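The listed protein sequences correspond, in order, to chains A and B.
Each residue of the first sequence is one higher than the one before, counting from 173 in our numbering.
Each residue of the second sequence is one higher than the one before, counting from 232 in our numbering.
Calculated directly from the structure, the hints in this document are not laboratory data.
A couple of the hints might just be wrong.
Claimed, not checked - Only pairs whose alpha carbons sit at most 30 Å apart, straight line, appear in this in silico DSS-like list of lysine-lysine:
{"hint": "1", "chain 1": "A", "residue 1": "Lys414", "chain 2": "A", "residue 2": "Lys244"}
{"hint": "2", "chain 1": "A", "residue 1": "Lys414", "chain 2": "A", "residue 2": "Lys391"}
{"hint": "3", "chain 1": "B", "residue 1": "Lys444", "chain 2": "A", "residue 2": "Lys244"}
{"hint": "4", "chain 1": "A", "residue 1": "Lys244", "chain 2": "A", "residue 2": "Lys175"}
{"hint": "5", "chain 1": "A", "residue 1": "Lys280", "chain 2": "A", "residue 2": "Lys414"}
{"hint": "6", "chain 1": "A", "residue 1": "Lys280", "chain 2": "B", "residue 2": "Lys444"}
All values derive from a computational prediction rather than experimental measurement.
The residues making up each chain are set out below.
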Amino acid sequence: MGKIILDVSDVQMRFGGLMALSDINLQIEEGKTHAIIGPNGAGKSTLLNVCVGRLQPNHGTVMFEGTTLTGKTPYEINQVGVARVFQTPEIFPELTILQNVMVPAFAKRDGTFRFNAGGSLFGERQIREEAEHVLEDLGLTEQRHHVAGSLSRGDKRRLELAMCLVQHPRLLLLDEPTAGMSRADTNRTIEILKRIKERGMTKVIIEHDMHVVFSLADKISVLAQGRIIAEGAPDDVRGNPKVQEAYLGGAHL
Amino acid sequence: MSIPSPRNDWILMAVFTAAVLAMPVWLAPIGAAYPDLLQKFAIFGIFAIGFNILFGLTGYLSFGHAAFLGVGSYAAVWSFKLLTMNVLPAVLFGTVLAGLFAVLIGFVSLRRSGIYFSILTLAFAQMSYNLAYSVLTPITNGETGLQLTLQDPRVIDNAISAPGEGLPWTELFGIKMSGYPGFYFCAVMLIIAFFISLRIFRSPFGMMLLAIKSNQTRMSYTGFNTRPYLLVAFVISGMYAGLAGSLLAVTDPLAGAERMQWTASGEVVLMTILGGVGTLVGPMLGAGIIKYFENIFSAYNDQILHGIFAALPDGIEAVVVAVTGLFVGEGWHLTLGALFMIIVIFLPGGLVEGARRIKSFFVRRSLRRHGIRTDQPVTRV
Ligand SMILES: Nc1ncnc2c1ncn2[C@@H]1O[C@H](COP(=O)(O)OP(=O)(O)OP(=O)(O)O)[C@@H](O)[C@H]1O
Ligand SMILES: [Mg+2]
Chain A
173 MGKIILDVSD
183 VQMRFGGLMA
193 LSDINLQIEE
203 GKTHAIIGPN
213 GAGKSTLLNV
223 CVGRLQPNHG
233 TVMFEGTTLT
243 GKTPYEINQV
253 GVARVFQTPE
263 IFPELTILQN
273 VMVPAFAKRD
283 GTFRFNAGGS
293 LFGERQIREE
303 AEHVLEDLGL
313 TEQRHHVAGS
323 LSRGDKRRLE
333 LAMCLVQHPR
343 LLLLDEPTAG
353 MSRADTNRTI
363 EILKRIKERG
373 MTKVIIEHDM
383 HVVFSLADKI
393 SVLAQGRIIA
403 EGAPDDVRGN
413 PKVQEAYLGG
423 AHL
Chain B
232 MSIPSPRNDW
242 ILMAVFTAAV
252 LAMPVWLAPI
262 GAAYPDLLQK
272 FAIFGIFAIG
282 FNILFGLTGY
292 LSFGHAAFLG
302 VGSYAAVWSF
312 KLLTMNVLPA
322 VLFGTVLAGL
332 FAVLIGFVSL
342 RRSGIYFSIL
352 TLAFAQMSYN
362 LAYSVLTPIT
372 NGETGLQLTL
382 QDPRVIDNAI
392 SAPGEGLPWT
402 ELFGIKMSGY
412 PGFYFCAVML
422 IIAFFISLRI
432 FRSPFGMMLL
442 AIKSNQTRMS
452 YTGFNTRPYL
462 LVAFVISGMY
472 AGLAGSLLAV
482 TDPLAGAERM
492 QWTASGEVVL
502 MTILGGVGTL
512 VGPMLGAGII
522 KYFENIFSAY
532 NDQILHGIFA
542 ALPDGIEAVV
552 VAVTGLFVGE
562 GWHLTLGALF
572 MIIVIFLPGG
582 LVEGARRIKS
592 FFVRRSLRRH
602 GIRTDQPVTR
612 V
């Protein structure tokens, strides 16, 4: 096994009486694509929320390359190199697409606000070039001066992905990155994700679309009712009877 | 609509400068070209432009900006009393002190957003207002207001020459700062203020602020510690208010607590929304229009109204005068309220948005006439 980049240990998350996550242990290997699958309401998004600091777990810790993420604020977690694509796209609807990508690029550089006012007022050119480069990579160059709010749902997802990629995160968390996309767009996103894997970026991907999962994943964890019920290489998981049951007959697999 | 380019910005700057400096000329036909009113246009223009840096870019609606206006005025009058009648130190102190005060209020208020932020700022401003009337009387001179007196030390002036007869006047190296010179001094400040605001709007810093307004959630998951950015915006807009307050004292060297009252805070909100929140020239426009109409409407009284409606039959005249009388003089705020409601309901983007709509209507029509398709998506500026 390679180096562990993200280590979730004994994480428990309760919402009132509901145990959304119970004693989750999960290790993500550096450079790999790790898929998390499971039925609706299994707790997949909740797990990501714990990782990025949106939720504080009732118990347990999340470690990223030796630093503890639990207790940190979302912006601090991003600053150490974790970026996230949300289940419902979180973009800046009033800004242009180019600006949407420039903002995270600036954040990477000046987000902690170290009073380098000079830096955030100038050096715009380089940031713009980086942003345009990523947009080109994702095929959004033509629309770059349009307002982001006017994009289709699928394009918003692609934009959000661009906003994460421009930061060159060490770890990218993707919550259903292809939901709402056409088949062609889905395939294109798969291609993009494969390409960034070659650059050594670690990814955790939540997905319902098994075509996407089996095209990308090196390893799969199956979550059901807040527990990890199976884990392993894609082929092992596919044949696992517990997984088939969790998916009510397993017709999807 | 065009993408902002450096060239367009210089044109805008040039047009703005020319328009402001020529105000005594082009405002003459509507009877607004006298120094007192022109000074108010410039001063409240600065106030609104600064307010818009906070409200327009970040979406944080402060209901307490009058507090900074008041601080600016008091600081300026103290500078006149203690140091010199030269206006430059007064303006400097007014701006800086308001900025320091804004650091304090902003630091606390920005722990909350939305309505809670607004209420916190309102509470702070009302507190300042009440303090000015009570505990702080030694500094503010309470209800009477802070004024110049013959006993003021004015150390710098008195070191240079013996004090003259009577109360001195505010001056800039010998030029008396009332009337037109006073206006031109304010106008220069306004132009500088507008230029800085333009630079902020176009800078990456301005883009960050807009992004905070657009989606604060995304902003924090993007690695931004938003609070220092918000605080800087808050302090800058507080300094604009302080500058405006000190200019009020420059043109008329006295400061009263009523300048800090919530109605004054509300007025700058109205100006900004009326002109167009988040637009460059909107706030200036809104400030000008409100001050102009305030001047006209509040001058009317029942006698003038009787004169206007004299042609009507007596019974009807009495009714008409009674009704219109509600909207003028002291009641001019009723007109303002009605005007405000109309704008918010029918033109939420303010007057600038209205102008934009009219323009794009004509542009589209002429394009269509030339057989050019107009259904392409439009880039927003
Ligand atoms: N903030 C919250 N407060 C209360 N309950 C929550 C909260 N977030 C999630 N839940 C509950 O926790 C459970 C797990 O939700 P979660 O969103 O993690 O599921 P999911 O696996 O992402 O499902 P889906 O595939 O539909 O996105 C659900 O029952 C949900 O209602
Ligand atoms: Mg989910």
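Evaluation of the provided hints:
At roughly 36 Å between alpha-carbon atoms, Lys414/A and Lys244/A are farther apart than 30 Å, so this suggested pair is violated. Using a Cα cut-off of 30 Å, the hinted pair Lys414/A and Lys391/A holds, with the two alpha carbons roughly 17 Å apart. For a cut-off of 30 Å, the pair hint linking Lys444/B to Lys244/A stands: about 23 Å separates their Cα positions. As the CA atoms of Lys244/A and Lys175/A are separated by approximately 23 Å, the hinted pair is consistent with the 30 Å bound.
Proximity of Lys280/A to Lys414/A is assessed by CA-CA distance (about 42 Å); at most 30 Å being required, the pair is judged violated. In summary, the hint linking Lys280/A to Lys444/B is supported, as the alpha carbons are separated by about 19 Å, within the 30 Å threshold.
Checked against the numbered hints above, the structure violates hints 1 and 5; every other hint is satisfied.
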